[in-house]
Each structure stands twice: as C-alpha cells, then as structure tokens.
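Protein chains: 2
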Amino acid sequence: MHDVAVYAFDGMAPFELGVVVEVFGLARPELSGLLAAPWYGLKVCADRPGTALDAVGGFALTARHGLDELAAADTVVVPGVPNAFGGEVSPGLVAALRTAHERGARIVSICSGAFALAAAGLLDGKDATTHWRYADLLQQRHPKVRVNPDVLYVDNGDVLTSAGSAAGIDLCLHLVRRDHGAKVANTVARRFVVPPHRDGGQAQFIEAAVPAVEPEDDGVARSMQWALDHLASPLTISQLARAARMSDRSYLRHFTARNGTSPMRWVVTQRIAASLPLLEAPDGTVEEIAAAVGFESAATFRHHFGRVMRTSPTAYRRSFGRGVA
Amino acid sequence: MHDVAVYAFDGMAPFELGVVVEVFGLARPELSGLLAAPWYGLKVCADRPGTALDAVGGFALTARHGLDELAAADTVVVPGVPNAFGGEVSPGLVAALRTAHERGARIVSICSGAFALAAAGLLDGKDATTHWRYADLLQQRHPKVRVNPDVLYVDNGDVLTSAGSAAGIDLCLHLVRRDHGAKVANTVARRFVVPPHRDGGQAQFIEAAVPAVEPEDDGVARSMQWALDHLASPLTISQLARAARMSDRSYLRHFTARNGTSPMRWVVTQRIAASLPLLEAPDGTVEEIAAAVGFESAATFRHHFGRVMRTSPTAYRRSFGRGVA
Numbered sequence: 001m002h003d004v005a006v007y008a009f010d011g012m013a014p015f016e017l018g019v020v021v022e023v024f025g026l027a028r029p030e031l032s033g034l035l036a037a038p039w040y041g042l043k044v045c046a047d048r049p050g051t052a053l054d055a056v057g058g059f060a061l062t063a064r065h066g067l068d069e070l071a072a073a074d075t076v077v078v079p080g081v082p083n084a085f086g087g088e089v090s091p092g093l094v095a096a097l098r099t100a101h102e103r104g105a106r107i108v109s110i111c112s113g114a115f116a117l118a119a120a121g122l123l124d125g126k127d128a129t130t131h132w133r134y135a136d137l138l139q140q141r142h143p144k145v146r147v148n149p150d151v152l153y154v155d156n157g158d159v160l161t162s163a164g165s166a167a168g169i170d171l172c173l174h175l176v177r178r179d180h181g182a183k184v185a186n187t188v189a190r191r192f193v194v195p196p197h198r199d200g201g202q203a204q205f206i207e208a209a210v211p212a213v214e215p216e217d218d219g220v221a222r223s224m225q226w227a228l229d230h231l232a233s234p235l236t237i238s239q240l241a242r243a244a245r246m247s248d249r250s251y252l253r254h255f256t257a258r259n260g261t262s263p264m265r266w267v268v269t270q271r272i273a274a275s276l277p278l279l280e281a282p283d284g285t286v287e288e289i290a291a292a293v294g295f296e297s298a299a300t301f302r303h304h305f306g307r308v309m310r311t312s313p314t315a316y317r318r319s320f321g322r323g324v325a
Numbered sequence: 001m002h003d004v005a006v007y008a009f010d011g012m013a014p015f016e017l018g019v020v021v022e023v024f025g026l027a028r029p030e031l032s033g034l035l036a037a038p039w040y041g042l043k044v045c046a047d048r049p050g051t052a053l054d055a056v057g058g059f060a061l062t063a064r065h066g067l068d069e070l071a072a073a074d075t076v077v078v079p080g081v082p083n084a085f086g087g088e089v090s091p092g093l094v095a096a097l098r099t100a101h102e103r104g105a106r107i108v109s110i111c112s113g114a115f116a117l118a119a120a121g122l123l124d125g126k127d128a129t130t131h132w133r134y135a136d137l138l139q140q141r142h143p144k145v146r147v148n149p150d151v152l153y154v155d156n157g158d159v160l161t162s163a164g165s166a167a168g169i170d171l172c173l174h175l176v177r178r179d180h181g182a183k184v185a186n187t188v189a190r191r192f193v194v195p196p197h198r199d200g201g202q203a204q205f206i207e208a209a210v211p212a213v214e215p216e217d218d219g220v221a222r223s224m225q226w227a228l229d230h231l232a233s234p235l236t237i238s239q240l241a242r243a244a245r246m247s248d249r250s251y252l253r254h255f256t257a258r259n260g261t262s263p264m265r266w267v268v269t270q271r272i273a274a275s276l277p278l279l280e281a282p283d284g285t286v287e288e289i290a291a292a293v294g295f296e297s298a299a300t301f302r303h304h305f306g307r308v309m310r311t312s313p314t315a316y317r318r319s320f321g322r323g324v325a
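Chains as they are written, first to last, in this note's numbering: chain A, 1 to 325; chain B, 1 to 325.
Just so you know, the hints here were simulated from the structure itself, not pulled from any lab data.
It is possible that part of the hints are untrue.
As the list makes no split between identical chains, a pair holds if one copy fits it or if it spans any two.
The calculated lysine to any residue pairs, modelled on SDA-like cross-linking and capped at a C-alpha distance of 20 Å, are [claimed, not checked]: (1) Lys-144 / Asp-3; (2) Lys-126 / Asp-155; (3) Lys-183 / Ala-299; (4) Lys-183 / Pro-282; (5) Lys-144 / His-230; (6) Lys-183 / Asp-283.
The structure presented is a predicted model; accordingly, all values stated were derived computationally and were not measured.
Turn these sequences into a full structure, and let the hints steer you where they fit.
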C-alpha cells in the first residue's frame with residue numbers, strides 16, 4: 001500500500017487537510033475493479049502525536065501519528081505552515097521532510113506548505129508555486145526557488161507544490177492520475193463533484209495589484225504612477241522614460257532592476273488588471289473594454305489576457321461577472 | 001455579528017467542515033473597507049462538546065460548543081450525517097434544527113447533511129439536493145421532499161441544500177453573495193482560488209448509471225436492455241413496446257410507473273450517458289459521437305446534453321477528456 005502522510009500543526013485551517021483526506025482517505029467501493037494497485041493508506045502526523053492542536057474555526061484536532069511515520073511515508077503532504085507571514089517552520093518537520101526525500105518519498109505542498117519544502121532546501125533551483133498572497137514573500141525568503149504564482153501546481157517529479165487552498169484539489173487529483181490513470185482520477189473527481197482538470201491557472205484568481213511605490217521616491221516609481229494614470233493611451237518606452245526624467249537606456253535598466261520585468265510587459269499586466277473590474281461589470285463589450293484599458297484591438301487584448309490569465313475575457317466575465325446564481 | 005454554527009459528528013469527513021471554516025471562519029483583512037456589515041462568527045458545535053470525535057482520516061476532532069449554541073445561531077450548517085446509507089440522525093440535532101428554524105435561522109446542508117434537514121421535516125414539500133450517490137435514498141426515505149440531484153445547490157430562502165462535497169463551496173459562496181454582494185463573494189472566492197460561480201450542475205459529475213434491472217423479470221426491463229443494445233438506432237415507442245411484448249398504451253403506463261419517467265426521456269438520458277466515455281476519449285468529433293449514440297444530429301445532441309448536463313459536449317470533453325495536466 002502507498003502510504004500518504006499529511007502534516008497537522010497548531011493554528012492550521014482544516015480545508016487543505018480535508019482535501020487530502022477526501023482524495024486519499026475515504027473508503028472507495030466505487031473503484032473496485034478499476035484499480036491495478038491497492039488504494040492509499042492515510043496517516044495524519046504531527047510533531048507531538050496525541051496532543052490537541054488548535055484549528056482555525058475554534059476546535060481542537062489531535063493527530064495519531066508522529067514525524068517518524070511522516071518521514072517513512074511514500075508521499076508526504078504539507079498542507080500549510082503556521083502564519084506564513086511571520087511564522088517559523090518546525091525544525092522537526094524540516095528534518096523529517098529531508099529524510100523522507102532522501103529515502104525517495106514524494107514531497108507535496110498545498111498553499112503555504114511550500115515554505116516548509118523551501119526551508120528543507122527541496123525547492124532550490126526548482127520551479128514552485130504557493131498561494132498568490134504568499135508568492136512574493138516565498139521568493140524573497142528563498143531566492144534560489146523559481147516562484148511561479150500563475151499556475152495551479154508544479155510537478156517536479158518527486159517534489160510537487162500547489163497554489164492556494166482549492167488548488168490542492170487539482171494537485172491531489174493529479175497525483176491520483178499519475179498513480180492510477182485518468183479513469184480512476186475522473187471517478188474520484190466525480191465523487192468529489194469537481195472537474196478532474198481545471199482550465200486556467202492561479203493567475204485568474206489573483207487580485208489586481210496596486211504597485212507599492214511611493215511616486216516621490218524616484219523617477220521609475222513616478223513613471224509607473226504616470227502610466228497607471230494614462231493606461232488607455234498608447235504608451236511608449238520613451239514616454240515612460242520622459243516621465244521618469246531619464247534616457248530610454250537608463251530607464252530600461254532602472255525599471256528592470258526594480259521590477260524584475262520590462263516596462264512594456266508591466267504595462268500589459270496593468271492593462272489586464274484594469275480590465276478585470278470592467279469585465280466583472282455587466283456593461284461594455286470585450287471590444288470596448290480592450291480599448292478602455294489601452295489595447296490596440298480586441299484580438300491583442302484576448303491574446304495577452306489568455307497568456308497572463310490562462311482563460312479568455314469572456315470566460316472570465318462568465319465566472320466573475322455574474323451577480324446571482 | 002452573524003453567527004454561523006457548523007455541526008461536528010463522530011465519523012465525519014473533514015472536507016465539508018473545512019469548506020465552512022474556509023469561507024466563514026478565516027480572518028479577512030482583505031475585506032476591510034468592502035464590508036457594510038460585520039463578517040461572520042463561526043462556532044463548531046457537537047452533541048457533546050469537549051468530547052473527542054473520530055474523523056475520517058484517522059484523527060480526533062473536539063468541538064467547543066454544544067447544540068444549544070447551534071440552535072441559537074443565525075445560520076446553521078450541517079456538513080453531512082454519519083453513514084448516510086445506514087445511519088440515524090442525532091435526535092438532539094433534529095430538535096436543535098427545528099428550534100433554530102422556528103427562531104428564523106437559516107438552515108443549510110452540504111452533501112449528506114440533507115438527511116438531517118429532511119429528518120427535521122424542513123424539506124417537506126420543498127426542492128432539495130444532496131450528493132448524487134444519496135439522491136435516490138433521500139427520495140425513498142423522505143417521499144415529501146422533491147429531490148433534484150442535477151443542481152449544485154437549491155436556495156429556498158431559509159433552507160438551503162447543496163450537492164456533494166465541493167458543491168458546498170458553491171453554496172457557501174452563494175450565502176456570502178446573498179449577505180454581502182458579488183464583490184465580496186468574488187474576493188472570498190479569489191483567496192479560495194475557486195470561481196465564485198461554476199458553470200453546470202451536479203449532473204455533469206454523475207456516473208453513467210447502468211439500470212438495475214433483471215431482464216428476465218418483466219417486459220419493461222427486457223425492453224430497456226434491448227434499447228441499451230440498440231441505442232445507436234432510431235428508437236420508437238412501438239419498437240420498445242414490441243420488445244416488452246405489450247401494447248404501446250400498456251407499455252407507456254408500465255414503463256412510467258416503474259421508472260418515473262417516459263420511455264423516450266429515459267432513452268435520451270441513456271444516450272447522453274453513453275456519450276460520456278466517448279467524449280472522454282481523444283477520438284471522434286462531436287458529430288460522430290452524436291451519431292454513435294443515436295442522436296439525429298449534433299444540434300439535437302448539444303440541445304439534450306445542455307439540458308441534462310448543464311454544460312456543452314465540448315466543455316465536458318475539455319474537463320473530463322484530458323489525460324495529463
């Protein structure tokens with residue numbers, strides 16, 4: 001039997017644990033005859049088994065198994081870390097993850113659980129994802145990790161990370177698909193009442209970010225604020241450089257150093273961000289919205305929207321624009 | 001503050017509880033400035049607060065609050081019942097649900113939780129839903145309830161039921177939308193990394209049912225098996241009646257009494273069921289699949305598919321047909 005161990009900790013939200021139990025821990029009479037290999041065994045593991053942990057929602061949760069059993073599992077799932085914005089990852093968990101990984105176990109994170117994998121060094125030099133709220137922080141704390149906040153999950157073979165909350169469902173179903181094939185994964189998804197594969201990445205769920213710049217500080221920040229104020233106009237590098245009071249060449253260098261992306265790429269992202277509330281509102285065609293946020297044409301809008309959001313403007317409007325079910 | 005109480009019980013799966021905590025129980029700094037009314041307060045309640053309950057997945061769960069607090073809440077969520085196929089609903093819960101409902105509280109179920117609402121008489125004469133696995137059983141045990149297994153949730157104002165597992169997410173977001181508007185619900189959905197509204201109902205997730213008939217038993221059953229064997233041909237009532245060795249009129253009466261639906265409606269459902277594995281496979285156009293399962297045209301196929309599955313054949317193929325992410 002393939003043992004799945006899931007980590008429980010003080011201050012955990014029960015949703016991600018619930019996902020892991022729902023996929024790997026339920027009895028599965030509906031799979032009889034479909035499985036070539038036995039179904040999973042599930043162990044909920046904590047630093048101190050038998051000790052009550054406080055869960056978000058105001059109840060207590062007591063795990064039966066310890067970190068030795070977590071280190072011995074075939075797949076280890078870390079469904080979060082306590083207080084990602086300020087917390088410390090348990091040294092015992094870090095050691096157990098390293099042991100498990102060296103043994104050849106598959107290490108998986110959901111949401112902020114990526115911080116634990118990063119702390120164990122398992123993500124160095126690899127692509128990884130986490131909840132979009134934590135992506136910047138993960139990148140900052142662990143510069144060797146290539147953080148990609150746009151996707152629902154990243155599969156590096158023996159180390160897998162998923163984006164926020166419900167993206168854990170996508171990754172757990174992906175594991176079932178890897179282990180048992182699409183037919184079994186479809187059956188599990190149907191009982192779960194979720195699609196076995198979701199269109200689009202996490203990017204479509206990320207709130208439009210207002211850049212945290214103080215325009216008085218420097219020319220680049222000033223130019224960014226100026227661009228946001230003139231998003232509907234056709235913008236050029238030279239105009240932005242002028243707003244920053246720099247030469248084009250110097251502006252490009254400063255902008256890229258500051259933002260990790262080129263000025264025009266940043267402008268496109270801001271235009272897409274500006275289009276989201278317009279798509280959510282009932283008025284305006286896609287053509288009008290494209291023009292209102294400064295795209296040359298609806299086709300250009302659709303192209304960039306698809307690349308960044310991994311869905312179409314129309315599908316986005318259908319998902320996020322509707323008022324009542 | 002609007003108090004949400006969620007019921008915890010021995011043998012519960014943690015997923016649905018996790019959904020309720022994720023929507024109503026997390027701290028919500030991202031909503032500051034967006035809320036006209038205070039956010040929810042959440043209480044996990046059990047028959048015997050302070051007593052450890054066994055959760056699916058092999059861990060213990062201890063609720064802090066009792067049924068008196070559940071009966072006093074503004075919204076009560078029942079996230080399941082122990083062993084829907086054979087279990088009894090706690091008499092204390094039934095009494096508390098009645099008290100809460102009489103007080104004007106909103107009563108909500110997820111998945112098999114509908115059995116508790118039905119036991120309290122709150123669904124009599126009303127539309128309701130539950131997990132597709134339990135729909136027949138709920139209808140059988142509570143004939144006064146109009147069970148609809150096709151939708152993700154049913155909103156009767158003060159009594160709301162949702163379909164299986166993840167449909168609880170859809171219903172909880174619907175409650176947030178009702179209470180705080182679409183913008184707030186969209187923000188909660190984004191943090192949850194789920195769409196605030198899903199296309200399609202539960203029907204798209206229901207496994208194709210093989211009718212549980214013994215063809216030797218009677219003429220109607222024999223005709224049904226014959227129809228399944230000849231699904232690709234154009235089928236008429238007269239053909240089916242002949243296979244049953246009955247007159248058309250007598251066949252219609254017997255068929256409807258047995259199956260609760262007309263022969264042609266049943267045939268359409270079987271044709272759609274037969275189309276699902278074909279749509280999941282990579283080969284065959286929608287036109288070819290329509291013909292293979294006996295629809296006159298792709299347009300007829302699309303029409304019936306949309307009505308029954310609440311999604312299109314192409315969207316279904318996109319969701320269920322893909323092998324690897």
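Tested hints:
| no. | hint | in the structure |
| --- | --- | --- |
| 1 | Lys-144 / Asp-3 | neither (30 Å within a copy, 45 Å between copies) |
| 2 | Lys-126 / Asp-155 | within (10 Å within a copy, 46 Å between copies) |
| 3 | Lys-183 / Ala-299 | neither (37 Å within a copy, 28 Å between copies) |
| 4 | Lys-183 / Pro-282 | between (39 Å within a copy, 13 Å between copies) |
| 5 | Lys-144 / His-230 | neither (36 Å within a copy, 61 Å between copies) |
| 6 | Lys-183 / Asp-283 | between (42 Å within a copy, 16 Å between copies) |
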